Amino acid sequence: MRCRKCDERAVINMRHHKLALCAEHYGEWFIAQTERAIEKYKMFSRDERILVAVSGGKDSLSLWDVLLRLGYQADGLYIGLGINDPEPYSDLSLEKTRQFVAHGEWRVANRADNDSAPLAPRPSPILHVVDIPATYGKSIPEISRAKARGQGKPCSACGLTKRYVMNRLALEKGYTVLATGHNLDDEVAVLFQNTLRWQTGYLARQAPVLPASREGLTRKVKPLCRFYERETAAYALARGIDYIYAECPHAVGNLTNFYKTLLNQLETESPGSKLAFYLEFLRARGQGVFDKYNRADELHACETCGQPTSAPGRCAFCRMWDVSAIVR
Amino acid sequence: MQITYRDKKLEVKPGSTARDALKKLSIDPESVLIVVNGKLVTDDAILREQDEVKLVAVVSGG
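Chain order of the listed sequences is A and B. The opening position of the first sequence corresponds to residue 20 in my numbering, with each subsequent residue numbered one higher. The opening position of the second sequence corresponds to residue 8 in my numbering, with each subsequent residue numbered one higher.
Derived by calculation from the structure, the hints in this document are not laboratory data. Computed from a predicted structure; not experimentally measured. It is possible that some hints are incorrect.
[What the hints assert, rightly or not] Some chain A residues well away from chain B (every beta-carbon gap over 10 Å; in silico):
no.	residue
1	31
2	185
3	226
4	311
5	313
6	330
7	343
[Unchecked claim] With the Cβ distance kept under 7 Å, some of the chain B side facing chain A (calculated, not the full set):
no.	residue
8	34
9	38
10	40
11	47
12	68
[As the list claims (entries may be wrong)] Example chain B residues on the side facing chain A (calculated, C-beta under 10 Å, incomplete):
no.	residue
13	32
14	35
15	36
16	63
17	65
18	67
C-beta: ideal position from N, C-alpha, C; glycine also.
Chain B extracted, bound-state conformation (with noise of 0.2 Å):
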């Protein structure tokens, strides 16, 4: 299944939880919010084939 991160895709294993994908990723769980199917998650909410997965980067400095 794919997480779109910056206009990237990434492609992860369904059924794992959304901290085991960020660890997978080199994601800093710190930088990002989860979103799942439009709504904001936590991250061990656990990620299925249909989901559609977006990671928000939240870290700005202008």
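If we strip away everything but chain A, and leave its shape as in the complex, we get (with noise of 0.2 Å):
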């Protein structure tokens, strides 16, 4: 198969848009895609700083990579969970960060063909790290045991634990905007597994971008939320990003891969299923179909660190981790 733009071998076909393209024109429309999503959503501008959650895998860093490649000021963030048994999962996902940022073909600045002139190197992005076991006492495994939290699964806790962290971070930091790798299949399983329930609240509440709309809650955006799972692996790959190849051992066989499984079996008898599942959904949300559901709550300043809590007193975080002087 050949690339649409020119003729070399394509590296991948994608039957949902009808089109196949070579590494170097691949690359080219990941990014041009990925501005378009951008600016249709409104998801940030030119001169806002971006904090990047990257967790070593092939979506955060590929969406840090474009980024960067784009000329956005985008510093990254990761967590470390301390999830090393049996296989050292964090360590080597932070590896992988670091390797990114030391090494990552993002650093060589783009120019015209015909300009002969050295140009100088995209300057290094800062790499803020948190690591929960040495800030908190506990790993996440650890603190859901201690909790009984998540029915024998740490997902529960790991969630809250990176959506405070996020949060309370980039605001600390200065940061107006959060960005996350969810790619287009991510949230075709969260549409798929809401829809089977009929979750309408998180219907509402699902979007490319979940606006600052209360003090002390950041901007969140999903830039890459119109790509398939398949492509943004695909991009890490004919980009050369050395991203963690290891699934987190606690998400094997969870529900979510199961939804995806189910979907991508839809869409190889069905191409472009899971792209419309989603697109008519944004549709039917931008047209208010599911206004009437969104409530806001009433938010509360949390008692212990002072970050927006839906119940008085102190937040889930504080309670999980029985913090009681965070210095705010």
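With the hints as a guide, dock the two chains, each given alone in a separate frame, to form the complex.
As structure tokens, then:
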């Protein structure tokens, strides 16, 4: 199969777009599509400081790479979860993230073909690292076991901790936007789950942009939300981004993966199904179909850390971690 | 010839396309990328005896 734009061999065939591209043109297409999504959903502007949540995986490193190539002020936040049993998953993912900062190809500045003058490489972004066991005394699996939270799986404790740390660090360091590497398969799996259960409140809140509607909450954006998971992986491979292939050991066999597998079977039989499901949902949402379910809960400041929380008293994070004296 | 997938070695017949090999192995083509001799390829690529073929799983749900 040949590239639609040149005669080189294609590296990816996107049946839902009826488009096959070579490595070079795929990289260009991926970057242009990301920029289109940023503009279409009004995610952020050129003068904003963006904090990218990075895990060492294909999605977050691809996102960071694209934002840096586009010239955005994008720094990274890596959260060390202490998941190192049976394999050193967290240690390896931090190593991949550090390698990306030190050696990533994003460093090479773009130049016009006819421009022979040397260009300075792009300046390195900041990588913030928050190590959960070192900061709070326990790893995610340990706190999950200690609090008997999440029915034997640490995913609930992990999600709560990551959301809290990301929001808090973004606010403290003056970032106006928090960008995550959620791809279309992530979004469609959640959409599928919420539709199966008619979770109308969740459906009302699922969007490429979650605005900073209240004081103390950072705007959250998902610039890769229109790419299939296969496409973000292909971008990483085509660009030579060395990401962690291994999946979190606690995510193996979870419900999200099960739904993704089902949806991929559907996609194989009917190309474009996932994309249509998501885009038609966004269209319906944009037309106000779910507006009446979008309750704006009253928020309170946590009496320990000051972060927003839905109930008066201590927030869920401070209760889980038994935090009593975080310096505000 | 062998294909590497999730640390496993799977046997396929050389001379077939990657698409046919995936079908034979009951692997959903939406769930993997095909890397032959270190290069990403589309599923119409013909797999040869001497090729080093790796399937990269793309589904993750953390």
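Quick rundown of the hints versus the structure:
1. 31: Violated, since 7 Å does not exceed 10 Å.
2. 185: Since the minimum Cβ distance to chain B is about 14 Å, residue 185 of chain A lies beyond 10 Å and the statement holds.
3. 226: Given that every Cβ of chain B is farther than 10 Å from that of residue 226 of chain A, nearest at about 20 Å, it holds.
4. 311: Holds: least Cβ distance 31 Å, greater than 10 Å.
5. 313: Nearest chain B Cβ is 26 Å from residue 313 of chain A, so the label holds.
6. 330: Non-interface label stands for residue 330 of chain A: nearest chain B Cβ at 28 Å, farther than 10 Å.
7. 343: Non-interface label stands for residue 343 of chain A: nearest chain B Cβ at 30 Å, farther than 10 Å.
8. 34: violated (11 Å)
9. 38: holds (5 Å)
10. 40: Constraint on residue 40 of chain B satisfied, holds at 6 Å.
11. 47: holds (4 Å)
12. 68: holds (4 Å)
13. 32: violated (14 Å)
14. 35: holds (5 Å)
15. 36: holds (6 Å)
16. 63: holds (6 Å)
17. 65: Holds: closest Cβ of chain A sits about 4 Å from residue 65 of chain B, inside 10 Å.
18. 67: Holds: closest Cβ of chain A sits about 5 Å from residue 67 of chain B, inside 10 Å.
Hints 1, 8, 13 from the earlier list are contradicted by this structure; the remaining hints agree with it.
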